[in-house]
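K.L.:
With the sequences and hints as input, model every part of the structure.
Each protein sequence line maps, in turn, to chains A and E.
First residue of the first sequence? That's 1 in the working numbering, and the numbers climb one at a time after it.
First residue of the second sequence? That's 519 in the working numbering, and the numbers climb one at a time after it.
The hints are simulated quantities; they were obtained by calculation from the structure and are not laboratory data.
Wrong hints could be hidden among the right ones.
[Claimed, not checked] Simulated crosslink set (BS3-like; lysine-lysine; CA at most 25 Å straight-line):
no. : chain 1 : residue 1 : chain 2 : residue 2
1   : E       : K1031     : A       : K107
2   : A       : K428      : E       : K668
3   : E       : K778      : A       : K428
4   : A       : K507      : E       : K668
5   : A       : K282      : A       : K212
6   : A       : K449      : E       : K1031
7   : E       : K983      : A       : K104
8   : E       : K754      : A       : K108
9   : E       : K668      : A       : K104
10  : A       : K108      : E       : K778
11  : A       : K107      : E       : K754
12  : E       : K969      : A       : K146
13  : A       : K107      : E       : K778
14  : A       : K212      : A       : K31
15  : A       : K108      : E       : K1031
16  : E       : K619      : A       : K428
[To be verified] Sample of chain E residues lacking proximity to chain A, with all beta carbon distances greater than 12 Å (derived):
no. : residue
17  : R860
18  : T938
19  : V1018
Quick reminder that beta carbons are idealized off the backbone N, C-alpha and C, glycines included.
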Amino acid sequence: RLLVVASFFLSFFFWGVCYSPPPLCISRAGKYDYDLVVIGGGSGGLACSKEAAQFGQKVAVLDYVDPTVKGKIKIWGLGGTCVNVGCIPKKLIHQAALFGTALKDAKKYGWQISEPVCHDWATMMEGVQNHVRSLNWGHRVQLQDKKVKYLNFKGSLVDEHTVKGLTKAGKETILTAKNIVIVTGGRPKYPTNIPGAVEHGITSDDMFWLKKSPGKTLVVGASYVALECAGFLTGIGLDTTVMVRSIALRGFDQQMAGLVTDYMETYGTKFAWKCVPKRVDKLSSGALQVTWTDTQTGGEHQDTYDSVLWAVGRAPETKALGLDKLGVKLNQETGKIVLATDESTSVPNIYALGDIGEGRPELTPTAIKAGKLLARRLAGQSAELMNYDNVPTTVFTPLEYGCVGLSEEEAEKRHGKDNIEVYHAFYKPLEFTVAERDASQCYIKVVCKRFGDQTILGLHFTGPNAGEVMQGFAMGFQCGATYSHLSQTVGIHPTCAEEVVKVNITKHSGLDATVTGC
Amino acid sequence: MLCRVCRRLPAPAVTLPSFLVMAVFTQLTRMRPWRWFICRKQFLSSFGRHGSIRRNMASDRAASQATRFDFLVIGGGSGGLAGARRASELGAATAVIESHKLGGTCVNVGCVPKKVMWNAAVHAEYLHDHSDYGFDTGNVRFSWETLKAKRDAYVSHLNRIYRNNLDKAKIQTIQGHARFTNDPEPTVEVDGRKYTAPHILIATGGLPSVLSDAEIPGANLGITSDGFFELETLPKRTVIVGAGYIAVEMAGILSTLGSKTSLIIRQTGVLRNFDSLISANCTKELQNTGIDLWKNSQVKSVCKSEKGLEVTIVTKDPEKKNDEEKTSTIQEVDCLLWAIGRQPNISGLNIGAMGVDTDERGHIIVDEFQNTSRPGIYAVGDVCGKALLTPVAIAAGRKLAHRLFEGKKDSKLDYSCIPTVVFSHPPIGTVGLTEEEAIKSRGKENVKIYKTSFTPMYHAITSRKSQCIMKLVCVGKEEKVVGLHMQGLGCDEMLQGFSVAIKMGATKADFDKTIAIHPTSSEEFVTMR
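P.N.:
Dropping the structure here:
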């Protein structure tokens, strides 16, 4: 904490020395080609560069994509992970998968649908990719409008003011800039030491650009990426198995994580718990034979799949940047760039943000916000730092899970079990009732301080539309909401979100938390 | 709409000291001995009620022998049941009088069956979009009968749950119509038996307004929202009259499920007491979804023919003074639905004789503590005519119970910032002041509006499109958010959280400070510029 405070003051000190308040909206590029060169045209990079340009800075963005190992995609457009191989295609396919469930529900709602209903991967992907391309194009246009120079170069650092750009054809260009921001994000990792993993497996980057349905799929990993992919594959009717080494959704509230995976199990996703893959072999039929070990029994198992998706984590894209030459400090374990609270690296004039920053949430909205704030600071418009607390997020699994603040475990750790009060409710969404769907995993948990004004420490929600439900509550949370703020708010009937303001059973009471009636 | 509620008269609480003493005593003794006494008495008296002699007693004697409770609730709907259950939890001997099914409007002819129908209609929209998302659904037919059977079964299930909840809470359910007697102590008679209590709550709710045949010839050939829930088949041709949220919701449901629907409105837009942006957008959306909207129109007469109803409508644009009034007829209508408002359900209660004041429309006038003008008689919910919403009635009923039976003398519902959702297509969410109300109360120079409109990502790959519109109404230098209005996919589930923050006094800066959840529609509220 001291360090944080110290660096905060240091950065102010730095400001004082280096920048006398500049005249507004005038480029100070001076002896440099640009005021700002941003390496990486993803969410954070685009936000940062556009914001800087808005304040009159001369800005260039370098964006370049290496093809995936499997080469399913050769190249993608502006927008980075989120637009091309993340949030956007993920949510659209998730929506398609929800339709799988909606079709079953529709019958209960009186719709007579002739069986069997088939899902066509290609139709869906065409729609998804068209949308992604339109977003790529939209980003290009926005950069143009805001007079940000876009360069399809692979950028690397020469010194603290110089960037080398390399085109696909191998042509080099040197750019100088007063400040440099590295926002190159990350790419999915492959496991090491599993024979056949790289040759026969794919990653989420490939998943979103597959021309053909992946068929029967093994998803290795239990991060949110793994569960989301497994969820939507199940939802569109594919035989899908998730292989989990230890626990699901590490870092998230584990009771909630359990509900998410329980729902997926009833939904049809298979789980191989406590199993680790040993090897992947391609059979003459073209099928992939996966051999794995059950770590509990020590037994070895085998099955064949059409696709094996590795979702075992993401690695920062730092290799090609030449960071070591400049002495930009990296975290040895993760390879991510060590950053101060003002997003500065260990080298002056070089900043970084987004997925590449050590300890930063790997989320689009945080990268965007941090990018904008950095641009404002660099343009001398504000001194406001990014606040990485209170970041809400939603996992788009078949049963969506949204949360903000601390998990119950973390709240216990920080405040002590006896000093927190957990209000909770098992509720049944009205849309589930007529559809005769099991709602055992629809749950709400509000973790509060037990004494005093019962400030909310964490809020967790599983159910339909969790993302849409959570945003407003995240804002209440940001404003310092207490339990009584929730209970004093009149509900909106009949919605799922109203169950959050209706929670009244505490875990301490041991009473049944099932909601009955309106 | 909501600010009208905030501007209610700040009348002082009328609480008799003896109630207070009793309530405090109640709290101190944790109720047990006293409750036991009451329960025993209740048991004896209910035993006695089975004797037929009592029915013939003179009314004054009967009054003295009326069954006594601590809390008598007239109306087993949302507000009444919530108040009764909370009172009972706090130790009060409680009874609920209900003439119809338990659960009131919400469960039987309101929110619950309405949302079931809305969900069915949302499935119809999904079915349009299925092929865009890769599903080949082929031929699809809709069976109203299947849906109605399921819906009715669910509603009956809820009725049973409510009954069980009352039984579990040892609350006596009295079936029948309540009528206040002329006894000196407020007393209620149901089927010739008398009941009294120091605290009587009127929670009889409301009813759809109807027009008489004298007002519009043939008006009674139509139905109301109550009748909508009795329809056994999907009408082929529907005419709905009204511009309020019920008309909008009914029109949306019937049209989406496949009924050719006309909506007759007196002026040029629906939801006229909502923010103008919402009113205009909803009117546009209704037309976009294929509803035949008749502006500046009123039904003149209705008659029955072999092929159904003939609804005659007069249309006159008040702006075009020279235009003639136009008369048209919609033929072969098999469902004419009046959705022209709701009125308080007080007929037969005899409240006039009780000194309980009502307004010109018959709504019971209450102060901020739900006290009527007669001490010992209270009212909550739709019968009061303010914020006709289930959660409002529930909250008011509970707050009252805490005040009466727990000694919490300040316990009352804050009627400001009540969030409301209209289940239109797409749904509407609104909380706080409209732009017009904010300008009126704070002056144009102190009001700042933030707006956005976009196509939700859901529609990124669908041929069917709908817009999402959002508006923040901010006031003062600090840009305190006093109103939030939206229409679009998912707005129904978005509103609740924001309503917590707005009630906390959130400013635009608080919205800006909040990190977005990506990709959602709701994130647009925290990234607005």
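K.L.:
Would you mind marking each hint as holding or not holding in the structure?
P.N.:
Here is how each hint holds up against the structure:
1. A C-alpha spacing of about 43 Å is found between K1031 (chain E) and K107 (chain A), which places the hinted pair above 25 Å, so the restraint is violated.
2. Between K428 (chain A) and K668 (chain E) the alpha-carbon distance is near 16 Å, which keeps this suggested pair within the 25 Å criterion.
3. Between K778 (chain E) and K428 (chain A) the CA atoms are separated by roughly 33 Å; this puts the pair beyond 25 Å, and the hint is violated.
4. Distance restraint check for K507 (chain A) and K668 (chain E): the Cα-Cα separation of roughly 34 Å exceeds the 25 Å cut-off, and the hinted pair is therefore not satisfied.
5. Annotation: proposed proximity of K282 (chain A) to K212 (chain A) holds, straight-line Cα distance about 18 Å (limit 25 Å).
6. With a C-alpha separation of about 23 Å, the suggested pair K449 (chain A) and K1031 (chain E) falls inside the 25 Å cut-off, and the hint holds.
7. For the hint pairing K983 (chain E) with K104 (chain A), the CA-to-CA distance comes to about 24 Å; that is within 25 Å, so the pair holds.
8. In summary, the hint linking K754 (chain E) to K108 (chain A) is supported, as the alpha carbons are separated by about 22 Å, within the 25 Å threshold.
9. Distance hint between K668 (chain E) and K104 (chain A) is fulfilled; the C-alpha atoms sit about 15 Å from each other, no more than 25 Å.
10. Under the criterion of a C-alpha separation no larger than 25 Å, the hint pairing K108 (chain A) with K778 (chain E) is consistent with the structure, at around 23 Å.
11. For a cut-off of 25 Å, the pair hint linking K107 (chain A) to K754 (chain E) stands: about 21 Å separates their Cα positions.
12. Restraint check for K969 (chain E) and K146 (chain A): satisfied, since their Cα atoms lie roughly 22 Å apart, inside the 25 Å limit.
13. Our distance criterion of 25 Å between C-alpha atoms is met by K107 (chain A) and K778 (chain E), whose separation comes to about 22 Å.
14. Among the hinted pairs, K212 (chain A) with K31 (chain A) is inconsistent with the structure: their alpha-carbon atoms are about 52 Å apart, more than 25 Å.
15. For the proposed pair K108 (chain A) and K1031 (chain E), the alpha carbon gap of about 43 Å is over 25 Å, so the pair is violated.
16. For the hint linking K619 (chain E) to K428 (chain A), the alpha-carbon distance of about 22 Å falls within 25 Å, and the restraint holds.
17. Distance check on R860 (chain E): its Cβ is at least 16 Å (rounded) from any Cβ of chain A, clearing the 12 Å threshold; non-interface status holds.
18. Listed as outside the interface, T938 (chain E) is inconsistent with that label: its C-beta sits roughly 7 Å from the nearest C-beta of chain A, within the 12 Å cut-off.
19. With a cut of 12 Å on Cβ distances, V1018 (chain E) falls inside the contact zone with chain A, its closest approach being about 4 Å.
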